[in-house]
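Asker: Single-letter residue listing:
Protein chains: 2
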Amino acid sequence: MELSKRALDIQASPIRKLAPYADEAKAKGRRVFHLNIGQPDIETPKEIMDAYNHFDEKVLCYGPSQGLLKYRQNLVRYYEKHNIPLQTDDIIVTTAGSEAIIFALLATCNVGDEIIVPEPFYTNYNGFATIAGVKIRPVTTYAEEGFTLPSNEKIIECITDKTRAILFSNPGNPTGAVYLKSDLERLADIALEYDLYLISDEVYREFVYDGLSHTSILHINGIEDRAIMVDSISKRYSACGARIGCVISRNQVLMQSILKFAQARLCPPTIDQLAANAAVDIQDEYFVNVLQEYDKRRNIVYNEVQQIEGVVCVKPQGAFYIIVKLPIEDAEDFAIWMLEKFSEDDQTVMFAPAEGFYATPGLGRNEVRLAYILNEKSLKRAMFLFRKGLQEFMNKNLS
Amino acid sequence: MELSKRALDIQASPIRKLAPYADEAKAKGRRVFHLNIGQPDIETPKEIMDAYNHFDEKVLCYGPSQGLLKYRQNLVRYYEKHNIPLQTDDIIVTTAGSEAIIFALLATCNVGDEIIVPEPFYTNYNGFATIAGVKIRPVTTYAEEGFTLPSNEKIIECITDKTRAILFSNPGNPTGAVYLKSDLERLADIALEYDLYLISDEVYREFVYDGLSHTSILHINGIEDRAIMVDSISKRYSACGARIGCVISRNQVLMQSILKFAQARLCPPTIDQLAANAAVDIQDEYFVNVLQEYDKRRNIVYNEVQQIEGVVCVKPQGAFYIIVKLPIEDAEDFAIWMLEKFSEDDQTVMFAPAEGFYATPGLGRNEVRLAYILNEKSLKRAMFLFRKGLQEFMNKNLS
Numbered sequence: 008m009e010l011s012k013r014a015l016d017i018q019a020s021p022i023r024k025l026a027p028y029a030d031e032a033k034a035k036g037r038r039v040f041h042l043n044i045g046q047p048d049i050e051t052p053k054e055i056m057d058a059y060n061h062f063d064e065k066v067l068c069y070g071p072s073q074g075l076l077k078y079r080q081n082l083v084r085y086y087e088k089h090n091i092p093l094q095t096d097d098i099i100v101t102t103a104g105s106e107a108i109i110f111a112l113l114a115t116c117n118v119g120d121e122i123i124v125p126e127p128f129y130t131n132y133n134g135f136a137t138i139a140g141v142k143i144r145p146v147t148t149y150a151e152e153g154f155t156l157p158s159n160e161k162i163i164e165c166i167t168d169k170t171r172a173i174l175f176s177n178p179g180n181p182t183g184a185v186y187l188k189s190d191l192e193r194l195a196d197i198a199l200e201y202d203l204y205l206i207s208d209e210v211y212r213e214f215v216y217d218g219l220s221h222t223s224i225l226h227i228n229g230i231e232d233r234a235i236m237v238d239s240i241s242k243r244y245s246a247c248g249a250r251i252g253c254v255i256s257r258n259q260v261l262m263q264s265i266l267k268f269a270q271a272r273l274c275p276p277t278i279d280q281l282a283a284n285a286a287v288d289i290q291d292e293y294f295v296n297v298l299q300e301y302d303k304r305r306n307i308v309y310n311e312v313q314q315i316e317g318v319v320c321v322k323p324q325g326a327f328y329i330i331v332k333l334p335i336e337d338a339e340d341f342a343i344w345m346l347e348k349f350s351e352d353d354q355t356v357m358f359a360p361a362e363g364f365y366a367t368p369g370l371g372r373n374e375v376r377l378a379y380i381l382n383e384k385s386l387k388r389a390m391f392l393f394r395k396g397l398q399e400f401m402n403k404n405l406s
Numbered sequence: 008m009e010l011s012k013r014a015l016d017i018q019a020s021p022i023r024k025l026a027p028y029a030d031e032a033k034a035k036g037r038r039v040f041h042l043n044i045g046q047p048d049i050e051t052p053k054e055i056m057d058a059y060n061h062f063d064e065k066v067l068c069y070g071p072s073q074g075l076l077k078y079r080q081n082l083v084r085y086y087e088k089h090n091i092p093l094q095t096d097d098i099i100v101t102t103a104g105s106e107a108i109i110f111a112l113l114a115t116c117n118v119g120d121e122i123i124v125p126e127p128f129y130t131n132y133n134g135f136a137t138i139a140g141v142k143i144r145p146v147t148t149y150a151e152e153g154f155t156l157p158s159n160e161k162i163i164e165c166i167t168d169k170t171r172a173i174l175f176s177n178p179g180n181p182t183g184a185v186y187l188k189s190d191l192e193r194l195a196d197i198a199l200e201y202d203l204y205l206i207s208d209e210v211y212r213e214f215v216y217d218g219l220s221h222t223s224i225l226h227i228n229g230i231e232d233r234a235i236m237v238d239s240i241s242k243r244y245s246a247c248g249a250r251i252g253c254v255i256s257r258n259q260v261l262m263q264s265i266l267k268f269a270q271a272r273l274c275p276p277t278i279d280q281l282a283a284n285a286a287v288d289i290q291d292e293y294f295v296n297v298l299q300e301y302d303k304r305r306n307i308v309y310n311e312v313q314q315i316e317g318v319v320c321v322k323p324q325g326a327f328y329i330i331v332k333l334p335i336e337d338a339e340d341f342a343i344w345m346l347e348k349f350s351e352d353d354q355t356v357m358f359a360p361a362e363g364f365y366a367t368p369g370l371g372r373n374e375v376r377l378a379y380i381l382n383e384k385s386l387k388r389a390m391f392l393f394r395k396g397l398q399e400f401m402n403k404n405l406s
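Protein sequence lines, in the order shown, are assigned to chains A and B. Quick note on numbering: the working numbering labels position 11 of the first sequence as 18, and the sequence is numbered without any gaps. Quick note on numbering: the working numbering labels position 109 of the second sequence as 116, and the sequence is numbered without any gaps.
Take these hints with a grain of salt, some might be off.
[Said to hold, decoys possible] A short list of chain A residues far from chain B (calculated; beta carbon distances all over 10 Å): (1) Met8; (2) Glu121; (3) Ile162.
[As the list claims (entries may be wrong)] Among chain B residues calculated to face chain A with C-beta under 10 Å, some are: (4) Ala19; (5) Phe62; (6) Asn117; (7) Gly229; (8) Leu261; (9) Leu273; (10) Ala282; (11) Val287.
[Stated by the list, open to error] Under the rule of at most 25 Å between Cα atoms (straight-line distance), these lysine to aspartate or glutamate pairs were calculated in the DMTMM-like manner: (12) Lys387(A) / Glu31(A); (13) Lys53(B) / Glu54(A); (14) Lys12(B) / Asp168(A); (15) Lys53(A) / Asp63(B); (16) Lys12(A) / Glu200(B); (17) Lys142(A) / Asp16(B); (18) Lys169(A) / Glu9(B); (19) Lys33(B) / Asp337(B); (20) Lys169(B) / Glu9(A); (21) Lys65(B) / Glu64(A); (22) Lys65(B) / Asp30(A); (23) Lys169(B) / Asp30(A); (24) Lys169(A) / Glu231(A); (25) Lys65(A) / Asp30(B); (26) Lys77(A) / Glu50(B).
Just so you know, these hints were derived from the structure itself, not from any lab. These figures come from a predicted structure and were not determined experimentally. Don't be surprised by glycine CBs; every beta carbon is placed ideally from N, CA and C.
Just need the whole structure built from these sequences, with the hints factored in.
Answerer: Take a look at the structure:
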C-alpha cells in the first residue's frame with residue numbers, strides 16, 4: 008500500500024533517532040546522562056499534583072473546545088502579571104504547544120505557502136509544517152553571534168509571494184537566544200510591510216537569565232491583528248506530560264477560525280486543564296528558585312564548555328539549552344561514538360547533534376545542543392564525560 | 008489579515024451551533040434536557056479515577072510518542088479478548104480518537120485526495136478532512152433502510168482516481184447502524200480491487216444490542232496492509248475528558264510513518280494514559296451493566312418515537328444514537344423553536360438537527376439525532392417533551 012507524500016516526507020525526530028544507541032549502552036549496563044532532551048528533572052509543583060489527586064467528579068466529561076472557562080479566566084490573570092492584557096476569548100487552550108502551532112499554521116497558511124523560521128530551530132516545527140502542508144524557509148543565525156536575530160535584509164531576502172508568517176521561539180530552543188524588544192519591533196515592522204503573521208513560541212518565557220526581562224510578541228503595539236503567541240505549561244511547571252498549552256491572539260476573526268479547528272478535535276484533556284489551572288497561582292518565589300537552579304546549571308555547562316579548545320559558544324540568556332560548535336567534523340558521529348564506544352566507570356553522556364535543528368543542508372554538522380536539565384552533581388559529571396569523550400574522539404581521529 | 012482557505016472552509020460544529028439558544032433558554036430559568044451530544048452520564052469507573060487520585064511520581068514527564076509501553080501491552084490483552092491478535096507495535100496511542108483519524112488521513116492521503124464516507128457521518132470527519140486537505144465523497148445511506156451499508160455498486164460509483172480510503176464508524180455515529188461481517192467483507196473486496204485503505208472508527212465497539220456481536224475491521228483476513236482501526240476510551244469507559252485513543256494497523260510501514268507524525272507532537276497526556284491503562288482490567292460485568300442500561304434507554308427512545316405519526320425510524324442496534332426522520336420540513340427550525348419558544352413546567356429538550364451529518368446538500372433536513380445518554384427518568388421526560396413540542400410545532404405551522 009502506498010503512503011502519502013507527506014508520510015514519506017515527514018522528518019523522523021532527529022532528537023529521538025539516537026535512542027537505540029542509548030538503549031544499547033544501557034543494556035550493556037552503562038549509565039547514560041541525558042543532555043539530549045528537554046525533560047526537566049525539577050519536581051512538578053504540588054498544586055498540580057494535588058489537582059490530579061483530588062479530582063472527585065463522578066463523570067470525566069468533555070470540556071469546551073476553547074478550554075475550560077475558569078482556566079482561561081485565570082490565564083488572563085497570569086498574563087496580566089506579565090503585562091499582557093487579554094480577554095478570555097483571545098485564548099484557546101490546546102493539547103500542548105504542539106497543537107497550538109499546528110492550529111496557527113492551519114489558520115494562517117494555505118497548502119504550499121511558506122513560513123520563515125530562524126534556524127537552528129525546534130525540529131518539530133518541521134513536523135508541524137508537514138502536517139499543515141507549509142514550507143519552511145530558514146533564515147540562518149550563527150553560533151558566533153549567539154544566534155541573535157538576523158538583519159532585516161537577511162529576513163526580507165527570504166520573503167516570497169507565498170510567505171505568510173514568521174515563526175520563531177523566544178527564548179529560543181535550541182539556541183537559548185533571547186530576542187530583545189528592539190528585535191521584536193524589527194519583526195513587527197517587517198510583518199507590517201510585507202503583510203505577514205508573527206507566530207511567537209514563548210514556552211520558555213520564565214527562563215531568562217542575567218536580569219533580562221522577557222518581551223512577548225503581545226507586548227508590541229500595532230500588530231494586534233497579526234501577532235499570535237503560543238504557550239505551554241510543560242517547561243514552566245515541569246509538567247511536560249500534562250500536554251496543556253494555548254494559542255493566543257487579539258485578532259478575534261483569527262481566533263474564531265482557530266476555534267473551528269479546535270471544535271473538530273472536541274477539547275483538550277479535562278483533568279490536565281484543572282491541574283494547569285491550579286498552577287496559575289503558584290507564587291513567584293517558585294520561579295525565582297527554579298531560575299536560580301537553572302542559572303547555576305547554565306554556568307556549569309558554559310564554564311565546562313569554555314575549557315574546550317576551539318569551541319564557539321556565546322553564553323545563552325534563555326531557555327535551558329546551549330549550542331556548542333565543536334572542533335570536529337561530524338557531531339552525530341561523535342554522539343554515536345559516545346554511546347557505542349566511550350565509557351568511564353560505565354558512564355557516558357548523550358546529547359543532540361545540532362544538524363537536525365537546521366533546515367539548510369550541511370549546516371550545524373559540527374554543533375551539538377546540550378540541555379542543562381540535570382542536577383548540579385549529575386551535570387558536572389556529564390560535562391566531565393563530555394569533555395573527556397571529546398578529547399578521546401579527537402585523538403582517535405588524529406591517529 | 009487574510010485567513011487561509013481552509014480556515015474559511017472548515018465547518019463550524021453543527022452540533023455545537025445551537026448552544027447559544029440553549030444558553031438563552033437556561034438564562035430564562037429553563038431546564039434543558041440534552042439529547043444533542045454524546046456525553047454519557049454513566050459514572051466513570053473507579054479504576055480510572057483512582058489512577059488520577061493515586062498518581063505519585065515527582066515529575067510529570069513526557070511519555071514515548073507511541074504511548075506508554077505498558078499501556079500498549081495491556082491494550083494487546085484487551086484486543087485479544089475481542090479476538091483481535093496484535094503486536095504492541097501495531098498500536099500507537101493518540102490524544103483521543105480525533106488525533107487517530109487525523110494521523111490515519113495524513114499518512115494515507117495526499118492533499119487533494121478523496122475518501123469515501125457513508126453519510127450521515129460524524130460531523131467532525133469534515134474537520135479532520137479539512138485539516139488533512141482531503142475531500143469527503145459521501146455515499147448516502149437511508150433512514151428507511153436503517154442506514155445499512157450501501158450496495159457495492161453505489162460505493163464503487165464514488166471511486167475516482169483520487170480515492171485513497173473508505174472511512175466509516177461501526178457501530179455508527181450518528182446512525183446506530185452496526186455493520187455485519189458480510190458488510191465488512193464487501194468493503195474488503197472493494198478495497199482490494201480498487202487499492203484503498205479502510206479506516207474503521209470503532210469507538211462504540213462495546214455498544215451493540217440484541218445479542219449481536221461486533222465485527223472489527225481487524226477481524227477480516229487478507230487486508231492486513233490496508234485495515235486501519237481507530238479507537239478511544241471516551242465512550243467505552245465514560246471518560247470523554249481523558250482524551251485517550253489509539254490508531255491500530257498491522258501494516259508496519261504505515262505505523263512507522265504514523266509514528267513520525269506522532270513524534271512531532273511528542274506524546275499523548277501521561278496521567279490520562281495511566282488512567283486508561285488502569286481501565287483495561289475492568290471486568291466484563293461492567294459492560295454488561297452499562298449495556299443493559301443503554302439498551303433500556305434505547306427502547307424508551309425508540310418506543311416514544313414510534314408513537315409519532317409519520318416518522319421513519321428503524322431500530323438501531325449500536326452506539327447510543329438514533330436518527331429520526333420527522334414529518335416536518337426543517338428540523339433545525341424545530342430545534343431552535345424548542346429552545347426559544349417551547350417549554351412545559353419550564354423544561355425543554357435539545358437535540359441535533361441531522362442535516363449537519365450529511366455532506367450532500369439538502370439531505371437530512373427533516374431528520375434529528377437523539378443521543379440516549381440520560382437516565383431513564385430524565386429520558387422519559389425528555390421524550391415526552393420532544394413529542395409534545397413536535398406536535399405544537401406542527402400545529403403552529405399548519406395554522
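Asker: State for each hint whether it applies.
Answerer: Each hint, compared with the structure:
Separation of Met8(A) from chain B is inadequate, the least Cβ-Cβ distance of about 5 Å not exceeding the 10 Å criterion. The non-interface label for Glu121(A) is consistent with chain B: the shortest C-beta to C-beta separation is roughly 13 Å, beyond 10 Å. No beta-carbon of chain B is positioned within 10 Å of the beta-carbon of Ile162(A); the least distance is around 19 Å. For Ala19(B), the interface hint holds, since its Cβ comes within 10 Å of a Cβ in chain A; the closest pair sits about 5 Å apart.
Of the supplied interface hints, the one on Phe62(B) holds, with its beta-carbon coming within about 5 Å of a beta-carbon of chain A, less than 10 Å. Interface restraint check for Asn117(B): the shortest CB-CB distance to chain A comes to about 5 Å, inside 10 Å, so the restraint holds. Interface restraint check: Gly229(B) against chain A, minimum CB-CB distance 13 Å, threshold 10 Å, status violated. With 10 Å as the threshold, the beta carbon of Leu261(B) comes within range of chain A, its nearest partner Cβ sitting at about 7 Å, so the hint holds.
Of the supplied interface hints, the one on Leu273(B) holds, with its beta-carbon coming within about 6 Å of a beta-carbon of chain A, less than 10 Å. For Ala282(B), the interface hint holds, the least distance from its beta-carbon to any beta-carbon of chain A being 8 Å, beneath 10 Å. About 16 Å separates the beta-carbon of Val287(B) from the nearest beta-carbon of chain A, more than 10 Å, and the hint is not met. As the CA atoms of Lys387(A) and Glu31(A) are separated by approximately 24 Å, the hinted pair is consistent with the 25 Å bound.
Taken as a hint, the Lys53(B) and Glu54(A) pair is honoured in the structure, with Cα atoms around 23 Å apart against an allowance of 25 Å. Proximity of Lys12(B) to Asp168(A) is assessed by CA-CA distance (about 16 Å); at most 25 Å being required, the pair is judged to hold. Taken as a hint, the Lys53(A) and Asp63(B) pair is honoured in the structure, with Cα atoms around 10 Å apart against an allowance of 25 Å. Taken as a hint, the Lys12(A) and Glu200(B) pair is honoured in the structure, with Cα atoms around 22 Å apart against an allowance of 25 Å.
Proposed proximity of Lys142(A) and Asp16(B) is supported: the alpha carbons are some 21 Å apart, at most 25 Å. Pair hint Lys169(A) plus Glu9(B) holds up; C-alpha atoms about 13 Å apart against a cutoff of 25 Å. This hinted pair checks out: Lys33(B) and Asp337(B) have alpha carbons roughly 24 Å apart, not beyond 25 Å. Straight-line distance between C-alpha atoms of Lys169(B) and Glu9(A) comes to about 13 Å, which keeps the hinted pair within the 25 Å bound.
With a C-alpha separation of about 24 Å, the suggested pairing of Lys65(B) with Glu64(A) holds against the 25 Å cut-off. A hinted pair counts as satisfied when its Cα atoms are at most 25 Å apart, and Lys65(B) with Asp30(A) qualifies at roughly 23 Å. A distance of roughly 42 Å separates the Cα atoms of Lys169(B) and Asp30(A); the hinted pair therefore is violated under the 25 Å criterion. Distance restraint check for Lys169(A) and Glu231(A): the Cα-Cα separation of roughly 22 Å lies within the 25 Å cut-off, and the hinted pair is therefore satisfied.
For the proposed pair Lys65(A) and Asp30(B), the alpha carbon gap of about 23 Å is at most 25 Å, so the pair holds. For the given pair, Lys77(A) sits about 23 Å from Glu50(B) by alpha-carbon distance, which is consistent with the 25 Å threshold.
Of the numbered hints listed earlier, those contradicted by the structure are 1, 7, 11, 23.
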